[in-house]
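Participant: Sequence:
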Amino acid sequence: MRLFTGKNRGAISVFLCLILLPVLVFCGIIVDASRLFASKTVVSAAGDLTMNAALSAYDKELKDNYGLLAMAEKPESPKMKESLFQYFRESCNGALYLEQETGEEEKLHSMIQLEAEDKEFEAKGVESSSLGQYNVLKQQIIEYMKFRGPVYIIDDIVEKFKKLPLDKMEEKQEYIEKKSEYGQKVSKLGKPLEKAKKEIDNYIEAWNKIDGLLQGGEPGFTEEYRSKIVFWIAGKSAEMYLNGEYVDVPWENGDMLRIPEDSATIAANIAGDITWTESIFDQDKFNNIMAAISVYRQSDILAGGMTEENGFPEEIIEKFFNLYFTCHDSKEEMMQVYSRAVSDYIDSCDKLQKELNKNIKKMLDASEKAQKALEEVKKKYEEAEQVKKEYESLGQKLEIGNETIEDDNVTIDMQALEELKLCLSGNQAGVESLGNALEQKISSYQTIPGKITESGLDSVQAGYLSRYTESSAVELILSEKGIYWDSMAEETSLCDPAEQTFYKETLAEIGQKTDAPEEKNRDDARNEAKKNQEAYKAALKAARDLASAKNLASEQVEQETGFAYPEDYPGAGKSEINTDEIKDHTVKVKGDNVNDNSIVEDSGNSMGAIEGLLNAIDELTGSTLEKAYIVEYVTEMFNCYTTGLGEEKGDVQSLSGESLFEHYIQAGEMEYILYGSPRIMNNVTYAVSQTFAIRLGINSVYIFLDKEENAIANGIASAISTSAGSPWLYPIIKYGYLFCRALADSGSEVTKLLAGEAVQIVPGKEFKDITLTYKEYLKLYILCAVLSDKGEKDIVMRAADCIQLNTKSKLSEKYTMVSLKATVKSSTTFLPKVPAFLGKQGKETDGKKSILYRSVLAY
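Position in the sequence shown counted from 1, then plus 196, gives you our numbering.
Hints in this document: simulated from the structure, not taken from any laboratory. A couple of the hints might just be wrong.
[What the hints assert, rightly or not] As a list, the in silico DSS-like pairs of lysine-lysine whose alpha-carbon atoms are at most 30 Å apart: (1) Lys727 with Lys737; (2) Lys236 with Lys275; (3) Lys405 with Lys394; (4) Lys550 with Lys647.
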């Protein structure tokens, strides 16, 4: 070394400086970098501690009462933010504290100098982590129930159902539905059969009226008219004689009367009664009139001798001078009697024609309507037969064990029906032809009065009444004029529908009602069904009244809770079930045969309620345990209508030990969770009505397949349908009775359920210990709901609504995750000088580096 530097003193120091300076700068940078890395570690630890501090401030009420873990306050609230920032700042400076004695701030280390900025500090709850979120709440419920939930309860209910004879329940239900459908369709044979009988009876009635006319020869009114023809003959004879025409009468002998020689004859001829007032012909009076006219014809000659001196009494003289007027008036009166008879005769002909037309039309219309009714019978019978095949096929599969599938068939002889239709249709042309023939005869009757008067009488005919009896005179004149009445009798070859097999064996007995003692048994069943349904409806009304106090959408609830519906409720939304239109599933029971049809129809419509329930039980064994946890949580943490009733009398507590009577909704939380209507009474009503429908379905299946019940029903139906002359009513009467029995049992059972009692799931002594309460039915309904993902979400979120109401806390503001953002400055020595050292001017710095912290932490 000296060899090379001996002549250059001091050169070695410069050289060393050139070497040491970069080394020193590099070392400084290393120190600053180490300081920064250490700062980041400190800041990260401080952030974690701060977030842990935030999460440790959990909501105790939620945790203790519902097993839910969430922060009590929002991290972004001013108070919480200030506390968290203080935790963070102190943690960053290594437990910065104030000396208790001096009051001075002392740092545990000075190598790392950190400054946290309040403006850059932000703590927030993670929106997706709030308990108002379905996945978050569901997970916490499941975690809670893993350690506390008595899942054996739901298993116990399922085991109860497994012990029951519910195998092939869907097939049994379908079988009963098909039998009910068959009974309804067969009962619909009644109207067309009754219509057919009515129309055929109308047909027969009209035919009997026409046939009576045919068998009687001439109509009765012709005899009345015949008896009045004599008045026309008498009046015409008197008119001719009075007018001076020659009439062959005994008084017309050609001799002239003389006074006083013929005074006695003259007095005798005009002494008789010649004033006509009668409507019944008097031949003696007619002869008096003709005798008086014979005197009048010589009145011009005799007038001068008609004095008292010639021996004529005063009254004879007076009659003599009034002969013309008296005889003329009498003649006119006789003609009036005949005119009235003609008018009555023509009217009678018209009436006969109308009556005939009416009956012919009645026969034709009745025939057409009867054929249509019979065709309707055929159609409905074929429909019923199709359903019969379906239920018989199901019945064959169900003939197991002690179950007996009975035969309730109604038989219609289709061949006989077709023969009756053919009889009616074949008569159509014959009836029309008969009507035309009779119409022509009546028309000929109407021409007879004209024929009688158009040719008048000759002088000989005018004297017939004076020489013969009235009837002989009339017959002689009618015979000479060629006038006669055709007989109404007509040969016919019409088929008699009353003699047809279908009418005699099927239609004839319709409507011939007799009393049946068995009607009392049916009435007793109906009365019991009505009474028990009324008790059920009264219990349902009491439930509605109790639950009517709460309406989550009302202003009152909003003022009490601070929650507006629906925006503040996690589970609010349109329910799939329109609880504003609720049916109580009761069936109107009246005291008539027609009501059996509506009883069967309405009861049958309620049977579908058990299908979903049984399917849910079957699916539970293959479903995850998580769904059972949710069901248990909801049913053990919340109340229902019967909470505190029956066996649960007293202060009932939830799974966590909280009193269920202290909840905001005091009777109906589980019902709300199920159906979601803001009106609590609607949810309770729907739950109760569904329970009634399920009980009705189960009872119907049992009763329809019970041999003893069927034997009773068979006896009642057979007796009543026979007494009513309506065999097609047999199935519907039977099924109506069986459904009344099921309705009575169902009404009684649901009334007991609403009182907190347990009732048998299936009737029968062997199943008396297998019971369910109203709450357990709700548990099953909730089970059905959670089997679908959407239903599970609805149940969980409506449970959130109830938790929110009970804690007065919005679950959407209860977070299970916190996010932290902060900016911390760390002091450095060398790093700020590096840019200047490298010749990069213009970079001003305070010598501090910013450390950005971002992190999220959850429970």
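Participant: Each hint: holds or not?
Facilitator: Cross-check of the supplied hints:
For a cut-off of 30 Å, the pair hint linking Lys727 to Lys737 stands: about 15 Å separates their Cα positions. With a CA separation close to 27 Å, the supplied pair Lys236 and Lys275 stays within the 30 Å bound. Under the criterion of a C-alpha separation no larger than 30 Å, the hint pairing Lys405 with Lys394 is consistent with the structure, at around 17 Å. Between the alpha carbons of Lys550 and Lys647 the distance comes to roughly 23 Å, so the proposed pair stays at or under 30 Å and holds.
This entry satisfies every hint, going by the numbered hints stated previously.
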